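There are 2 protein chains.
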Amino acid sequence: MSPKITGELLRQLRHAMRNCKYFSEPIQAYIVPSGDAHQSEYIAPCDCRREFISGFNGSAGTAIITEQHAVMWTDGRYFLQASQQMDNNWTLMKMGLKETPSQEDWLISVLPENSRVGVDPWIIAADQWKTMSKALSSAGHSLVALQDNLIDVVWIDRPERPSKQLRTLGLEYTGISWHDKITALRAKMTERKITWFVATALDEIAWLFNLRGADIEYNPVFFAYSIVGMNSIRLFVDLKRLQIPAVKEHLQLDSPSKPELNIQTFPYESVYTELQAVCAALSPKDKVWICDKASCALTQVIPKSNRSPIPYTPLCLAKAVKNETEIQGMKVAHIKDAVALCELFAWLEKEIPKSTVTEISCAEKAEEFRSQQKDFIGLSFPTISGVGPNGAIIHYRPLPETNRTLTMNEVYLIDSGAQYIDGTTDVTRTMHFGTPSAFEKECFTYVLKGHIAVSAAIFPNGTKGHLLDSFARAALWESGLDYLHGTGHGVGCFLNVHEGPCGISYKTFADEPLEAGMIVSDEPGYYQEGSFGIRLENVVLVVAAKPKYNYRNRGSLTFEPLTLVPIQVKMMNTELLTQRERDWVNDYHRKCREVVGAELERQGRKQALDWLIRETQPIV
Amino acid sequence: MSPKITGELLRQLRHAMRNCKYFSEPIQAYIVPSGDAHQSEYIAPCDCRREFISGFNGSAGTAIITEQHAVMWTDGRYFLQASQQMDNNWTLMKMGLKETPSQEDWLISVLPENSRVGVDPWIIAADQWKTMSKALSSAGHSLVALQDNLIDVVWIDRPERPSKQLRTLGLEYTGISWHDKITALRAKMTERKITWFVATALDEIAWLFNLRGADIEYNPVFFAYSIVGMNSIRLFVDLKRLQIPAVKEHLQLDSPSKPELNIQTFPYESVYTELQAVCAALSPKDKVWICDKASCALTQVIPKSNRSPIPYTPLCLAKAVKNETEIQGMKVAHIKDAVALCELFAWLEKEIPKSTVTEISCAEKAEEFRSQQKDFIGLSFPTISGVGPNGAIIHYRPLPETNRTLTMNEVYLIDSGAQYIDGTTDVTRTMHFGTPSAFEKECFTYVLKGHIAVSAAIFPNGTKGHLLDSFARAALWESGLDYLHGTGHGVGCFLNVHEGPCGISYKTFADEPLEAGMIVSDEPGYYQEGSFGIRLENVVLVVAAKPKYNYRNRGSLTFEPLTLVPIQVKMMNTELLTQRERDWVNDYHRKCREVVGAELERQGRKQALDWLIRETQPIV
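Sequences listed follow chains A and B, in order.
Mapping to the numbering used here: the first sequence position 400 is 400, numbers consecutive.
Mapping to the numbering used here: the second sequence position 317 is 317, numbers consecutive.
No lab work stands behind these hints: they were computed from the structure.
In this text, all values refer to a predicted model and were calculated from it rather than measured experimentally.
Note that the list lumps identical chains together, so a pair holds whenever it fits in one copy or between two copies.
Using 30 Å as the maximum straight-line C-alpha spacing, the simulated DSSO-like pairs for lysine-lysine come out as follows:
1) 546 / 98
2) 98 / 548
3) 21 / 4
4) 591 / 331
5) 464 / 94
6) 507 / 464
7) 285 / 98
8) 591 / 606
9) 507 / 94
10) 188 / 130
Just chain A, with the same shape it has in the complex:
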């Protein structure tokens, strides 16, 4: 992978930073956050400004450019990738390491006195603006909202904002109509004395209206905003998308069933002025809910005295707790996904000895097998397909210049998933097609022990996910090992593969208690830089547990794996497993064989079925 050459771009950007065409006084630093105006994790090509200026295309990272420096903050998943994608103009700041300064501290340490730091207020989240602005002010500097995005100024051939066709989802997929979701939202608003709610997260808007889009690759969402009051619903979206009869009918645009369910539609861009109009009519007691991670620009339209920022919205929480229809859909999607992966692994066993399979062709083959399954829409994220040392790059994506061939001699890690109309999948398996080394097996087994410790954990109702994170690490820690990423994230239902507000991580922010019906991933790993990477990921459903006692009638929870793909026994050092862990593996494999085996049989996929049966033999 050769880094992007950024010298000329940075020169142009610095010229713009000094150019008073865009503002009254020059700025000394410019912040380029990762997201779009909706704080999306995955973004459309037109919003890839941080990648454009730096070359680094990981899903998380913030760039700051000053006259002298160009600096990138990113987390442990991307240390290697960022250092490979960026040229010598850039300095990498490794977040999470003790010696790495925060963005604020670093800016204060390098800026001349009374500096002005610029940022696009549509791209920076309100809570980040607040923290950054406070820190800079206290050191005599100021954070400045620039109406023109300076990256766009130097980005000559920036793509258009996409506006793909919308898809309506019926009750058979959603379980709840958008009317009922609006009614439930309004009930929450009434309960907390809130008069307006501004929805800015794309997956929340898609979920609320039971619509899906294709504006952002991998995430079935569409660019939109919504403002919901007690008697009105405003939807901001490219209006030509609403001309399709099915969408019109779904939203009852011509004949709303009740006046309070009448959706008023507006062009996407008019959200700013329309929110201004809503706010102009507020009484002093009116309260407006907006996520504290919404854009600074939109947040500041709401007068401070009326603004009620929240770390996650009622839609975010409601969406996280899946209903029975969604759970059934997710189960079906995971069975289809397992069928495709069993086919892939059976095929790999035959092909690898021929040395014809590469990281890229294997990822393509996985997609091909998935695309044969019913209601397949596309992938849920770029497939991570890494052989040997590439597997140690946590969010590796194979490129022609890094592409390695799968062999009998190296560990292979594949983290992949798909969008089906009935659900979203995300699964990682680590395999060896020859004979793994003792160290590779040892590390794999520690990761497996961690995976099982989380998956089999029983914990009280109301427990937050961060309290389970150490279970995934204990076996690694005991041998002095660890991994520099969280253990799990929320997973949407035919929505974003990463969603809040719950997860399993050593980080504790915006971490709501787990409850039955939530769906998260369980994915500990171990990465030996320059050598191999291991990760074992299942998507798991939070379900009620029935242990022997029931302290204070609180009830208990545990996880049920939705992912049903065998875990390679060859990679295990079974002597390091306890009897309970061996039992877990055998129970899991029995379920894989029963459930996925039946589907493979139904689909007549004999070779994959043979592979599944062999790979799910009990261990002793």
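Starting from the known structure of chain A, fit chain B onto it as the hints suggest.
Here is chain B on its own, set in the frame of chain A:
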């Protein structure tokens, strides 16, 4: 235990709340926090205002009185105790339960419009003031700082503020002179560009000056403030205490070794005006460090632009990491403490069958045995001595009206500790002197498994204590059980038995990473209301661990138990223990026998030695 009759007191307090003698307009609610002006956990009798007005004397709780209501918030340790100590005028709010409103939410739900809520600004911490004030303002109310404390208005016979004699500690106990501590503090200030530091926590001031007091029972501290600049040291304390030659000499009041080590002394009460004077001379760039938990009154003296509030001070962190001298002192103190407890348990075995030992007399006997040890100063907290159902009251303190007799038929829990000049102890053991039930043994064994899981955990340098909390609960959770308190707290060295900034808890606030030299407790429990209580507590030292690998050269840590008192094997269901857990118990008991046995032998305490040898037989 009969509750305090509070009807008349509340009537008088409500009269004061309406009485414009104390303020321009009546107040509709009055908040009575738990602490004193130093936010101490244990407080002097003159500061027990919340107990005075409510009867509830637990170490944590906040009372709020309105015209109609008198409400007490406290945590799981005190639910039972608070409900027993308060009369029907009071409503208990059980913190940590989902349905319990926060103080702010509750106030907003009951107050008439535009209410004024009063509080003593010396008693409320700055961060609590901020949160409360913001929440009340956003609902149209206001938080008002009342110069007169309204509890003091109705408290006719309020005791005097104590001013006991000071004790100086030499290098043989502290390892570092106060000069060097001041120098290290100033280095931290220089590093962070801080010009002044205001010390308000009593244990930090005692630690900084290598002085101890006896103003607060159990905590060897004295009422004082200190303001440290780069060239000056101001100490605020009842001046007559400094007349003692040893103290004068220790502080070099007459002949400072260097001008910048000259301590200027002021009366305790003059801290407010003196800090005003310091602040009047600040330049705009000067920064003043003060803990965000310092009193609102003192914090607000510092102009906001100069104020740099911190969640814990550099003294707090420096004090938490014990030096070699302190560690040695703590070890010696724990051996002496173990000698006393071995004597107690050997004595109990003989006495219990006579039915002559009560919770109170047993606690007294424990104190008597401890007082025979060298450099004994006093207890480090009120002994928790609970038989049967009393053991389920988490911070139970036996009173004549609750006092039960120790028998062969019930579980006995004793949580006790002492102050020695060389260190502070805190140990809990749970015993049965007859035949425990299967359920008692089962619960004890889960608690033991949790205790061992924490004590034997290996984890990376930089891990925060909250990441270890679930290890202590996993075995209980698996059976649907839990305990409603944290797992561990920092322990001072001849200082407060509870100290920050590290600990082991599901709560994550002010939780600094663990590092070698820190000392915390490891004390999971299980409480069967109305029946029995179990807790197993050791004080443990954070030490370097040397596992097989060393990922990214981060280094690993583990714990070394300082407490060396046998854990009753009779209470264990050893079949529920893994081989590794059995090995841990046997290793621990071997160390108890070797180390404490040698000291018992040296002190010629034969009966206790026999008991120790019997109780430390290996389990198989």
